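> Residue numbers (the numbering used here), protein chains in the order written: chain A, 1 to 458; chain B, 1 to 339.
Treat each hint with caution, since some may be false.
As the list claims (entries may be wrong) - Below are the DSSO-like pairs computed for lysine-lysine, each with C-alpha atoms no more than 30 Å apart in a straight line:
(1) B:Lys28 x A:Lys408
(2) A:Lys266 x A:Lys448
(3) B:Lys185 x A:Lys408
(4) A:Lys266 x B:Lys28
(5) A:Lys65 x A:Lys94
As the list claims (entries may be wrong) - If we take Cβ atoms under 8 Å as the criterion, some of the chain A residues that face chain B in the derived model are:
(6) Lys374
(7) Pro380
(8) Leu391
(9) Asn399
(10) Ser401
(11) Leu411
(12) Glu414
(13) Gln416
(14) Gly428
(15) Pro435
(16) Thr446
FYI, nobody ran anything at the bench for these hints, they're computed from the structure. This one's a predicted model, so the numbers in the text were calculated from it and none came from an experiment. All residues carry an ideal CB built from backbone N, CA and C; glycine is no exception.
Below are the chains, spelled out letter by letter.
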Amino acid sequence: MSKLFSLNSLFSLPFSLKKGFSHGVHPPHHKEQTADLPIQRVPFVSRYIMPLGQHIGVPSEPVVKVGDRVHRGELIAQPKGFISTALHSPVTGKISNIGMHRYVDGSFRQAIEIEADPYATQQFVNTHNNVFNVKDMNIEQFIDAVQMSGIVGMGGAAFPSHVKYSIPDEQVITDLLVNGAECEPYLTNDHRLMVERPEAVLRGCEILRQKLNAKRVAIGVEKNKPESICQLKNYLTDDMAIDIVPLEVKYPQGAEKMLIKSIYNKELPAGKLPRDIGIAVNNVGTIVALADYFDHGMPLIERIVTLAGPGVQEPANLIVPIGTPIRDVLDFAGGLKEQTREVISGGPMMGSPIADLDAPILKGTSGILAFTEKETSRPPEYPCIRCARCLDACPYFLNPSRLALLGKARLFDEMQDKYNVMDCVECGACTYACPSNIPIVQHIRTAKDNLRNRKVET
Amino acid sequence: MMNNKDPKLLLQSAPLLRQELTTPAAMKDVWIALLPATAAALWFFGLSALLLLVTSIAGAVLTEWVFTDKDKRRFAISDTSAGLTGLLLGLTLPPGLPLWMAFLGGSVSIGLGKVIWGGLGTNLFNPALLGRAFLLGTFPIAMTTWGPAGGPGEFFQIHSSNFAWPLMQGQYDALSTATPLGLMKFEHETTALGSLFMGNTAGSIGETSSLFLLLGGLFLLLRRSIDWRIPAAIFLTASLFSLIMLLINGADSNFPSPLFTLFSGGLLLGTFFMATDPVTSPLTPRGCWIFGIGIGFLVVLIRLYGGLPEGMLYAILLMNAATPLIDRYTQPKIFGRKS
Ligand code: SF4
Ligand code: SF4
Numbered sequence: 001m002s003k004l005f006s007l008n009s010l011f012s013l014p015f016s017l018k019k020g021f022s023h024g025v026h027p028p029h030h031k032e033q034t035a036d037l038p039i040q041r042v043p044f045v046s047r048y049i050m051p052l053g054q055h056i057g058v059p060s061e062p063v064v065k066v067g068d069r070v071h072r073g074e075l076i077a078q079p080k081g082f083i084s085t086a087l088h089s090p091v092t093g094k095i096s097n098i099g100m101h102r103y104v105d106g107s108f109r110q111a112i113e114i115e116a117d118p119y120a121t122q123q124f125v126n127t128h129n130n131v132f133n134v135k136d137m138n139i140e141q142f143i144d145a146v147q148m149s150g151i152v153g154m155g156g157a158a159f160p161s162h163v164k165y166s167i168p169d170e171q172v173i174t175d176l177l178v179n180g181a182e183c184e185p186y187l188t189n190d191h192r193l194m195v196e197r198p199e200a201v202l203r204g205c206e207i208l209r210q211k212l213n214a215k216r217v218a219i220g221v222e223k224n225k226p227e228s229i230c231q232l233k234n235y236l237t238d239d240m241a242i243d244i245v246p247l248e249v250k251y252p253q254g255a256e257k258m259l260i261k262s263i264y265n266k267e268l269p270a271g272k273l274p275r276d277i278g279i280a281v282n283n284v285g286t287i288v289a290l291a292d293y294f295d296h297g298m299p300l301i302e303r304i305v306t307l308a309g310p311g312v313q314e315p316a317n318l319i320v321p322i323g324t325p326i327r328d329v330l331d332f333a334g335g336l337k338e339q340t341r342e343v344i345s346g347g348p349m350m351g352s353p354i355a356d357l358d359a360p361i362l363k364g365t366s367g368i369l370a371f372t373e374k375e376t377s378r379p380p381e382y383p384c385i386r387c388a389r390c391l392d393a394c395p396y397f398l399n400p401s402r403l404a405l406l407g408k409a410r411l412f413d414e415m416q417d418k419y420n421v422m423d424c425v426e427c428g429a430c431t432y433a434c435p436s437n438i439p440i441v442q443h444i445r446t447a448k449d450n451l452r453n454r455k456v457e458t
Numbered sequence: 001m002m003n004n005k006d007p008k009l010l011l012q013s014a015p016l017l018r019q020e021l022t023t024p025a026a027m028k029d030v031w032i033a034l035l036p037a038t039a040a041a042l043w044f045f046g047l048s049a050l051l052l053l054v055t056s057i058a059g060a061v062l063t064e065w066v067f068t069d070k071d072k073r074r075f076a077i078s079d080t081s082a083g084l085t086g087l088l089l090g091l092t093l094p095p096g097l098p099l100w101m102a103f104l105g106g107s108v109s110i111g112l113g114k115v116i117w118g119g120l121g122t123n124l125f126n127p128a129l130l131g132r133a134f135l136l137g138t139f140p141i142a143m144t145t146w147g148p149a150g151g152p153g154e155f156f157q158i159h160s161s162n163f164a165w166p167l168m169q170g171q172y173d174a175l176s177t178a179t180p181l182g183l184m185k186f187e188h189e190t191t192a193l194g195s196l197f198m199g200n201t202a203g204s205i206g207e208t209s210s211l212f213l214l215l216g217g218l219f220l221l222l223r224r225s226i227d228w229r230i231p232a233a234i235f236l237t238a239s240l241f242s243l244i245m246l247l248i249n250g251a252d253s254n255f256p257s258p259l260f261t262l263f264s265g266g267l268l269l270g271t272f273f274m275a276t277d278p279v280t281s282p283l284t285p286r287g288c289w290i291f292g293i294g295i296g297f298l299v300v301l302i303r304l305y306g307g308l309p310e311g312m313l314y315a316i317l318l319m320n321a322a323t324p325l326i327d328r329y330t331q332p333k334i335f336g337r338k339s
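Chain A on its own, in the form it takes in the complex:
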């Protein structure tokens, strides 16, 4: 009944009375496949590939040569400039090559290849050769340390975290917002992290809150993860200035601006950063990486990856050393089913297709999902019937129908001048909602690329 008729939406008000963001879509969340699977460690494989430019910003600079021996956790590439970060070896072994290697999107990128020792252990070296006393660090030391830890945004964006923490003098951070929404279907890596390591999440929150001088921390978690919420609350003590905020299950709840709207009921002005209104936003994965680094000295050399989708043999939540070839991770879980047609990295709404399974797991890889014919086959594209479903879906209140039409005609300037195409975050809600199967986001991406390139040229 509820599927056939939706009374809610019929009487939905043109304005919103309740907290939370307006519009958005409700894709089936498909998390049942992996939500209850404990995190497993993937054993070492023979070869690791560490692309130098796997974060946003300037690629790192190698500090090793071919033939060098490296230990797990040892620095292999240093940041080049401020908007760049460090890379560490995920495994003990030998540098076998520094050169071009296939990247997930099929292009070739500079990467360091490491041949693992046959009996490599989980032991890692602490590159700062002492365990930090994070309490005594001033903010500059903290930022330097984060840069040397190689930590980047783990939600998928892979933006170097230390840059986020460098707050201009005139600005004050009052709130730390931790993103545990995990609104992408299929992905459960953040969920498992919150369930299995709640102390690490809370510890990381406290470290960062103190360093940023924030008053309170809010951890936003979608209500479809009651176990996460419950675990975090269990470990919460009175001396922590942390709130656990259950969020409405709606895509894209985890988009930065929507999260801020849902939790603080503030509309972040276009072109502004969260810190401009006193908020620092971090993913739970990033928070745990911080805790691991400052408590145990472990740089970012592994991460949790959800392996799911109808095309994988054995869905799983895995701790994967960064640099592990995707194929090896898949093999660990029994490989792909024969019916697999497409493999993507990240979630099904915003992830990107993987062109080569020999490409490695990156710092920003939250999931590897495999899909079969059923999910990848599309009905033909029909003309836009102006049904306005895309407008009702867009959380940014853009006009995707118009944007797609103008994009098809390559009228990029009009898309920007009249319809603010640059405000689109490519969340894909519009395309999900379109009954005519119009690749709206693709048109928008093309336009944005074009406009950006033009800006660079002039």
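Following the hints, put chain B with the ligands in place on chain A, whose structure we already have.
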């Protein structure tokens, strides 16, 4: 250990998920919603209604077929939008209309109403209404001569004028009856609301039965196939405006009551199935309100002061024309920007 069955991987970009509704399925909803009204048309107007509907659908679909590129034909017909236009036009025709006119109407609906604009999704005016406007302008007598409603017992009594030869008008002698709107306008006579509700009055074959039109409209609303704001705005404005006119002019004037306004003529069919046509109505929520208010206002105005008793046709067409402008000035406020 290596997986050798490396599948040839697709590289479709995200989002990979789609909700289930497709455009042809959305059209199917409209077909379903029109079933009750179509059944009522057959009940009251018998075989004449059936023949009219079939010919106007045939005119529409054939025109789409002829004017579409060869390789896109199957695809263009498969979304069933042309057939739907034909059905909608058919439902607005008087029972005694010569069939060749119905065919021509269907053909003009698609030809001038859709194909020359560039096909589905590009037209400014509702194609069925454009076809009806053409018929009304070209064959005013045939289009305003109404037969009385019959019942199932008279199913096989066909109006002889249906079979007029092409380019001939046909004979109308005995069957002319005034519609409730005509009675109100020219004779100052009201029709019982019960008859309006059930549909046993004279009128266009698909417009007389308010009950069955409401059923269809409710279905579309619950399925969220149409924007609820448009019918809401039309109903509110039309009833409010006719109430005001009635109060100003006194009860003994020939001004109809709000309920009569809503349940007579083409108002319900037009509201649920034509004004809400997504292609020709505004995209934006605020635009839909303005659009509906405009129609509600115009329909009462035209019915009261126009030369013809019916007003829905021009009310919708006029607002169709205003749609691009409405859209332009009602763009929603973008998140994080000042309007
Ligand atoms: S959802 Fe698709 S068909 Fe509907 S208005 Fe948007 S682009 Fe057009
Ligand atoms: S992809 Fe862009 S236009 Fe589409 S819903 Fe998301 S923000 Fe809006």
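> With reference to the structure, classify each hint as holding or not holding.
Hint by hint, here is what the structure shows:
no. : hint                : verdict
1   : B:Lys28 x A:Lys408  : 28 Å, holds
2   : A:Lys266 x A:Lys448 : 26 Å, holds
3   : B:Lys185 x A:Lys408 : 50 Å, violated
4   : A:Lys266 x B:Lys28  : 42 Å, violated
5   : A:Lys65 x A:Lys94   : 10 Å, holds
6   : Lys374              : 11 Å, violated
7   : Pro380              : 7 Å, holds
8   : Leu391              : 6 Å, holds
9   : Asn399              : 6 Å, holds
10  : Ser401              : 6 Å, holds
11  : Leu411              : 15 Å, violated
12  : Glu414              : 12 Å, violated
13  : Gln416              : 12 Å, violated
14  : Gly428              : 3 Å, holds
15  : Pro435              : 5 Å, holds
16  : Thr446              : 11 Å, violated
Violated hints, listed in ascending order, are 3, 4, 6, 11, 12, 13 and 16; each of the other numbered hints is respected by the structure.
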